[in-house]
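Student: Kindly produce the complete structure, drawing on both the sequences and the hints.
Protein sequences appear in the order of chains A and B. Residues in the first sequence are numbered from 1 upward in steps of one, following this note's numbering. Residues in the second sequence are numbered from 1 upward in steps of one, following this note's numbering.
These aren't lab readings, by the way, just hints derived from the structure by calculation. Treat the hints with caution; some may be incorrect.
What the hints assert, rightly or not - Derived Cβ-Cβ restraints for the label pairs, each shown as a range:
# : chain 1 : residue 1 : chain 2 : residue 2 : range
1 : B       : G34       : A       : V22       : 54 to 62 Å
2 : A       : V22       : B       : S33       : 51 to 59 Å
3 : B       : D70       : A       : K116      : 50 to 58 Å
4 : A       : R178      : B       : L179      : 23 to 31 Å
5 : A       : R178      : B       : T313      : 53 to 61 Å
To be verified - Not everything, but these chain B residues come out facing chain A in the computed CB check (under 10 Å):
# : residue
6 : R76
7 : L87
8 : F99
Ideal placement from N, C-alpha and C gives every residue a C-beta, glycine not left out.
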Amino acid sequence: MIALRARIPLASAGLLCAIFAVFFVLPFAGLIERGLGEDGAWKAISSDTALDALVLSLWTSTLSLLIAIVAGTPVAYWLSHTRFPGKGVLEALIDLPIVLPPTIAGVALLTAFGRKGLLGGPLDDWFGLTLGFSTAAVIMAQLFVSAPFYVRAARAGFASVDAQFERVAHTLGASRLRAFTQIVLPLSWPSLAAGAALCWARALGELGATLIFAGNLQGETQTMPLAILNTFESAEGLTAAVALAILLLAVALVALAIFWMFSSRARGTA
Amino acid sequence: MTLNFNAELQLKDFSYNAQFEAGNEIVVLFGHSGAGKSLTLQLIAGLLKPTRGRITIGAETVFDSDAGLDLPPQDRSLGYVVQDLALFPHMTVGENIAFGMTGSAQEQRLSDLLDLMGLNNLRDRRPLSLSGGQRQRTALARALARETNLLLLDEPFSALDESLRVELRRELIRLRSELDLSVIFVTHDLREAHLVADRLAVFDEGRLLQFEGREHVFRQPANGRVAELTGVANILRGRVSVVKPGDLTIEAGGTILRVPEPRNWHPAEGDSVEVAIRAERINLRRLDVNEPGKANLVGATIREELAYGATHTLRFTTALGQPIEVEIAARPYEVMGVAKQKSWTLELPPEDLHLMPLSSKSAVEAPRASATTA
Numbered sequence: 001m002i003a004l005r006a007r008i009p010l011a012s013a014g015l016l017c018a019i020f021a022v023f024f025v026l027p028f029a030g031l032i033e034r035g036l037g038e039d040g041a042w043k044a045i046s047s048d049t050a051l052d053a054l055v056l057s058l059w060t061s062t063l064s065l066l067i068a069i070v071a072g073t074p075v076a077y078w079l080s081h082t083r084f085p086g087k088g089v090l091e092a093l094i095d096l097p098i099v100l101p102p103t104i105a106g107v108a109l110l111t112a113f114g115r116k117g118l119l120g121g122p123l124d125d126w127f128g129l130t131l132g133f134s135t136a137a138v139i140m141a142q143l144f145v146s147a148p149f150y151v152r153a154a155r156a157g158f159a160s161v162d163a164q165f166e167r168v169a170h171t172l173g174a175s176r177l178r179a180f181t182q183i184v185l186p187l188s189w190p191s192l193a194a195g196a197a198l199c200w201a202r203a204l205g206e207l208g209a210t211l212i213f214a215g216n217l218q219g220e221t222q223t224m225p226l227a228i229l230n231t232f233e234s235a236e237g238l239t240a241a242v243a244l245a246i247l248l249l250a251v252a253l254v255a256l257a258i259f260w261m262f263s264s265r266a267r268g269t270a
Numbered sequence: 001m002t003l004n005f006n007a008e009l010q011l012k013d014f015s016y017n018a019q020f021e022a023g024n025e026i027v028v029l030f031g032h033s034g035a036g037k038s039l040t041l042q043l044i045a046g047l048l049k050p051t052r053g054r055i056t057i058g059a060e061t062v063f064d065s066d067a068g069l070d071l072p073p074q075d076r077s078l079g080y081v082v083q084d085l086a087l088f089p090h091m092t093v094g095e096n097i098a099f100g101m102t103g104s105a106q107e108q109r110l111s112d113l114l115d116l117m118g119l120n121n122l123r124d125r126r127p128l129s130l131s132g133g134q135r136q137r138t139a140l141a142r143a144l145a146r147e148t149n150l151l152l153l154d155e156p157f158s159a160l161d162e163s164l165r166v167e168l169r170r171e172l173i174r175l176r177s178e179l180d181l182s183v184i185f186v187t188h189d190l191r192e193a194h195l196v197a198d199r200l201a202v203f204d205e206g207r208l209l210q211f212e213g214r215e216h217v218f219r220q221p222a223n224g225r226v227a228e229l230t231g232v233a234n235i236l237r238g239r240v241s242v243v244k245p246g247d248l249t250i251e252a253g254g255t256i257l258r259v260p261e262p263r264n265w266h267p268a269e270g271d272s273v274e275v276a277i278r279a280e281r282i283n284l285r286r287l288d289v290n291e292p293g294k295a296n297l298v299g300a301t302i303r304e305e306l307a308y309g310a311t312h313t314l315r316f317t318t319a320l321g322q323p324i325e326v327e328i329a330a331r332p333y334e335v336m337g338v339a340k341q342k343s344w345t346l347e348l349p350p351e352d353l354h355l356m357p358l359s360s361k362s363a364v365e366a367p368r369a370s371a372t373t374a
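Tutor: Here it is as structure tokens:
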């Protein structure tokens, strides 16, 4: 009786887990099944549209990540090492794009940097510089929605390094920069790597903000997710969209695998 | 190398004030936790900033509030072993030790240090895989690798077992003379303090109560609090009845005690005073042995006994009206048959009695021991 009573919750928990797992696995299975089963998939993958979109997606998302790292690392370090009134509010603001629906991000970017935006207006009037609906806009949209993932992870990573290590490094003659590069960076590396991977993946998948702020021009602002959306609504329909989706998925997986390989090797030798 | 330290620090619920200097010697900062010992090291190293003061290391002033000078820790020339060691976990023993090295022949110096500390086989190991003693030796080697003349050690031997402690203390004393080191050594362990100290600085609640040669502090504590902290079991209260040059008579509970005149102050007749005597300094005498001319004999009865194996601690009620604690080695304890006899005469040798002013709470200005460097 006692054993039975113990088994019932265990069994139902197991069942729930299984259903949950199926929910996540099945869509991928569907993608593969559709992609392999239909003609026209290869045609869609080898089209100019697909190639242009893939190339654009890869280099813009990588550039977004680099900008996030260069600008976000000092911000994250500063936030993890200082205390001041209103810090919580500032951190919440930095995290805001994570919870913000991407379409809202797109509209917000447009009102700031669009042709008639707060900064975009004067830029256009005085310098003839238009940011909206350009490749620059693609990167800005990606950066806006993805950088907080990196900053957030880096902040947590830096904060997790015992401050005593840095203090001791200083007493051993290390400058702030040396203490950072030789002590803090290697010790927070796992967090930084995870944050960078998340940031890049988020930039790669960016759709809503890009669509509104950068538009959907092949070769210029049409990234892979936009191309998939476009294809889905076109004559080729679902089959071609599935093919592109698999392509993007495969590239993303390979990129992440390479990234983890390098980062774990770096961790091993650090 | 001389360290000159003078700092004042005001925190929200703690105030700190201390002044001392250290030459080529081991200065032990002694006191309970929270007394300000570790804080002193942090002030010297530049990890904490004094509210006011002036700190010089050798010829270099590293902090001077009047001049607005405050060198960052990386520009202060010293080796510092913090209490939690803080070995860099992602570096090997060798990399940890070499971290603070500057100048040439680093490879040679690294292998010398590994030799010195007995870490040769551990060079490529990570700190997490080391024992407590190995970690402490690594941290010590890392601090020594700075090749400075000032070494700050915060409870450096706390994680070691007794045999390793003895070995490292001996090592430290050797290094001090070989490398012309000034060592500031923090400990709350009285035995350790006694063993390594050339001079002893007794801290209590952010104040430096006494700073003198080790024997002075142990035998002639500046006040009751220092006596208490340095393990003086008996602090008797009395009143000065007769003052003669070099010799005083104290009346305590109707008994007369002869006490030598203290070095640093001059009690007057009628003053209330405290008299310190260590438990191991008191002689036990049989009641029937009569020795006329012996001073400071007090009738006493054993109230409580504690056996520690090598020694016995006896607690007496006495004719002074104040309890007295006596420590006696196991052998005389047996020979004299203490276990069977309750009533004794206690002899308090005058030369072991130390007179202190009353009001033990007030911090007495530490006499600057100028020429007592051992």
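Student: Run the structure past the numbered hints and jot down the numbers of the failing ones, going up.
Tutor: Going through the list in order, the structure violates no hint and respects every one.
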